[in-house]
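K.L.:
Sequences and hints are given; from them, build the entire structure.
Chains as they are written, first to last, in the UniProt record's numbering: chain A, 1 to 255; chain B, 1 to 258.
Among the hints, erroneous ones may be present.
[Claimed, not checked] Derived contacts from chain B toward chain A, CB cut-off under 10 Å, selection only: (1) 78; (2) 86; (3) 87; (4) 169; (5) 173; (6) 239.
If you're looking for bench data, these hints aren't it; they were derived computationally from the structure. C-beta: ideal position from N, C-alpha, C; glycine also.
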Amino acid sequence: MEIFSECFKKEHMLSKIDARVKILVSLAMLLMVLSYKGFTLPVLITLTCLFLCINMKIPLKVFLLRFSEPVFIASIILILKLFFSGKELLFSIPIPSSQFSLLTLTGYKDGLMDGLMIASRVIGAVSVVVVIGFSTPFTEFVAGLSWLKVPKGFTEILMFSYRYIFVLLDDAMVIYNAQKNRLGYSSIRRGLGSFGILAGSLILKVFEHSHNITVSMIQRGYDGNMPVLKQRPFKLSEIILSVVFITAMGIIWKI
Amino acid sequence: MKIQGSRFKIQNALIFVLSLIILHLSLVTEANAMHISEGILPFNWAVLWFAVAIPFVAWGLYKLKRQSSIDLSFKPLVGLMAAVVFIISCMPIPVPTAGTCSHPCGTGISGILVGPAISILISSVALLIQALFLAHGGLTTWGANIVSMGVMGSFAGYLTFRALRRLNISLTISGFMAGLFADWATYLTTSIELASGIRGDSPFMPLFWKILIAFIPTQLPLGILEGAMTAGMVVLLYKKRPDLLVKMRVLKPEEVTA
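P.N.:
So, in structure tokens, the structure goes:
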């Protein structure tokens, strides 16, 4: 499961920074990108994040895969905005291109600008989340969330599900390969049936695992509460650096 | 010469349209389009959807606290269910009409098994992990995605299943319809959220219909696939472990013994 941060280079320029600082800076960046009316800030943030990803030696394939869905959605919105929104005419193409055209494809300049602004906002915001996702181990992230006073029940469920995603994925892959070897996906109908059985088997595994986990956890002293990582004190250098970075971006946001 | 010129223009227009279709299909094949992506919603809309989602998540947390005080295995069970919803919504399923892959939501089955409140909590956890580690959805659009997938999907699945079971409709059909409506309700809400968020000064309804129509090639068959998957899961559980369905209050004890 190489999509999770733990599988990449461990030592990089963000690995020593406290998860709480990373979360707070990321939230500040996201708020700025979201409320910014223009291209400069999202593009600048994208470039900064790109530099950080190169520094973290993220494999190109994983990086592109991470951006595929947001880019797809951003391009659909760009097309929708270009052709269906706006007043200032940019181009007009009759289809088919003759006197008896059935429809006219009309692009609007203000629609294009709106679409580009949304697209840049998407890429900028995704870059921020990609960096925090790649640079922060999950346990540290959860500890950061509990420091931010996210309810305990939520962080506990988050920990349980993160841990068991890998276990259940392994189970799912074993069942999937067995079904595939027995031509379980040779037609749409068989594929549907097989997928239903696969998902059902996972649910059965959930009940089985949850019982076993609880028994083993109670034997180790579980009383219904999960401990989280203890926070070390903030470093002055981290705080100064993050304040300088947020202020610099804030100035660009204000301009 | 005039005829040749117009033919040339028609050819150009056709090439342009074909290129758009090819570009669309090639992009779709790469993406598992699913939730509202990071950054699409403007600040005020993102905040509004968070405000709508938070009470529902709080309701889920309240139910979790109450249930786990009675049964210690409930928290691990909910965590594992969240992992399953995560895995289901990451599994690509071929969509024949669009020539692409997409994936179901999984909230239909979680709504049936653990009820809407816990199902909302489950989907919020799955959505957070997806946003952080797969860039499916996002942190700023987390609220909007909880409302569409968690709240609407869970309620649609749960209410459909309960209503059909009350009418003595079979487990297979009830499960199928629950999965179908959970999926479609999610995408209907997503279209509303997207249209209201990106419309700018344009009127709401035309953009809403355009987004809904853009979703139809993938979501119409995917809803049917999700329905079949949900039915398969419920039937498998009934055949292998009917006691679990009784424990989760999906079926009454007499329905199992009968």
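K.L.:
Now tell me, hint by hint, if it's right for this structure.
P.N.:
The hints, checked one at a time:
no.	hint	in the structure
1	78	holds, 6 Å
2	86	holds, 6 Å
3	87	holds, 6 Å
4	169	violated, 18 Å
5	173	violated, 14 Å
6	239	holds, 9 Å
Violated hints, in rising order: 4, 5; the structure is consistent with all others.
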